[in-house]
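Chains as they are written, first to last, in the numbering used here: chain B, 4 to 177; chain R, 4 to 177.
Please keep in mind that the hints were generated in silico from the structure rather than gathered at the bench.
Put simply, identical chains are the same to the list, so a pair is met inside one copy or across any two.
Straight line, CA to CA, 27 Å or less: simulated DSSO-like cross-link-like pairs of lysine-lysine:
1. Lys129 / Lys162
2. Lys117 / Lys147
3. Lys117 / Lys162
4. Lys101 / Lys131
5. Lys75 / Lys147
6. Lys101 / Lys57
7. Lys94 / Lys77
8. Lys147 / Lys159
9. Lys162 / Lys131
10. Lys129 / Lys94
11. Lys147 / Lys77
12. Lys94 / Lys162
13. Lys162 / Lys133
14. Lys57 / Lys94
15. Lys94 / Lys147
Bear in mind that the values here come from a model prediction, so they are computed numbers and not experimental data.
Protein chains: 2
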Amino acid sequence: MDGFGLVQVYTGEGKGKTTAALGLALRATGHGFRVYIIQFMKGRINYGELESAKRIRNLTIVQFGRAEFVDKQKPEKIDIDYARRGLDHAKEIVASGKYDMVVLDEINVALEFKLIPLEEVLQLIKNKPKNVELILTGRYAHPKILELADLVSEIKEVKHPYQKGIQGRRGIEY
Amino acid sequence: MDGFGLVQVYTGEGKGKTTAALGLALRATGHGFRVYIIQFMKGRINYGELESAKRIRNLTIVQFGRAEFVDKQKPEKIDIDYARRGLDHAKEIVASGKYDMVVLDEINVALEFKLIPLEEVLQLIKNKPKNVELILTGRYAHPKILELADLVSEIKEVKHPYQKGIQGRRGIEY
Numbered sequence: 004m005d006g007f008g009l010v011q012v013y014t015g016e017g018k019g020k021t022t023a024a025l026g027l028a029l030r031a032t033g034h035g036f037r038v039y040i041i042q043f044m045k046g047r048i049n050y051g052e053l054e055s056a057k058r059i060r061n062l063t064i065v066q067f068g069r070a071e072f073v074d075k076q077k078p079e080k081i082d083i084d085y086a087r088r089g090l091d092h093a094k095e096i097v098a099s100g101k102y103d104m105v106v107l108d109e110i111n112v113a114l115e116f117k118l119i120p121l122e123e124v125l126q127l128i129k130n131k132p133k134n135v136e137l138i139l140t141g142r143y144a145h146p147k148i149l150e151l152a153d154l155v156s157e158i159k160e161v162k163h164p165y166q167k168g169i170q171g172r173r174g175i176e177y
Numbered sequence: 004m005d006g007f008g009l010v011q012v013y014t015g016e017g018k019g020k021t022t023a024a025l026g027l028a029l030r031a032t033g034h035g036f037r038v039y040i041i042q043f044m045k046g047r048i049n050y051g052e053l054e055s056a057k058r059i060r061n062l063t064i065v066q067f068g069r070a071e072f073v074d075k076q077k078p079e080k081i082d083i084d085y086a087r088r089g090l091d092h093a094k095e096i097v098a099s100g101k102y103d104m105v106v107l108d109e110i111n112v113a114l115e116f117k118l119i120p121l122e123e124v125l126q127l128i129k130n131k132p133k134n135v136e137l138i139l140t141g142r143y144a145h146p147k148i149l150e151l152a153d154l155v156s157e158i159k160e161v162k163h164p165y166q167k168g169i170q171g172r173r174g175i176e177y
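Extracted from the complex, chain B is given alone in its bound form (with noise of 0.2 Å):
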């Protein structure tokens, strides 16, 4: 970025964290900069933003996690494994100064599951170069963060059409 980069969280219940995180980095891409997003609990499911991904100069995608659903009271020993090396890859990625904006999707929802600590997405948050713009996605963002974080959009679900019986549709959810 030109210089300074903010810390943006978009949370809450509705839809469009994700997305809006996705339309920050096309946009930015769109300037030159280079912007790495790291998909916390998702699995290949999610094709669509990869396979633009793939068609984007200066934008790479990677996930940590997998298709299945991670049972928050007690998530599996796999997933807490994904979500490890994710955190480390971030911690990575972040500090190697190669990125403009980095992109730490789901990572509150890994949070509040539990399945890396908090004080070490405060760590890196603080430690963060300050060129790099550091955006954090997900429901249930946790204080902390808040109060790190110089911009946060909550997302409000004022309607939704589950009650349609439309869930999941490909090319709009993943």
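Given the coordinates of chain B, assemble chain R onto it according to the supplied hints.
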């Protein structure tokens, strides 16, 4: 889309409405869907998304507006003309059946500023082909638009960095 398309609205004061729509567009094109974005009240200042769009297959973005600020109390004729042409173009594009997703970016603001008639937008929504996913963005979404929508996300501004004197950063906001 796969047989049916919904009407989605992204509104509210917070950041992320246009970016959410861009993200939806990026994801949809990743699945091979054809996406058309019409931006109201925006001129070439938003070149980040324009530049990126050029490089994405099946994604078209056109702007009907200018970089200058529109006076809500007394919009200039050129602003009304732009919005009028944008709406006519939107009707054609939606009705053409050539696009799986059509984004009418900031159309809610164009309505709030009375640049275009509400009734025509309501008709456009009601008459859309079944398979078209229609996305309307912008704060001030009219209650009648919300009534017709299947999915409404309201983005609340929880925290904003204006207090730090940070505004309109290249690669982030445009």
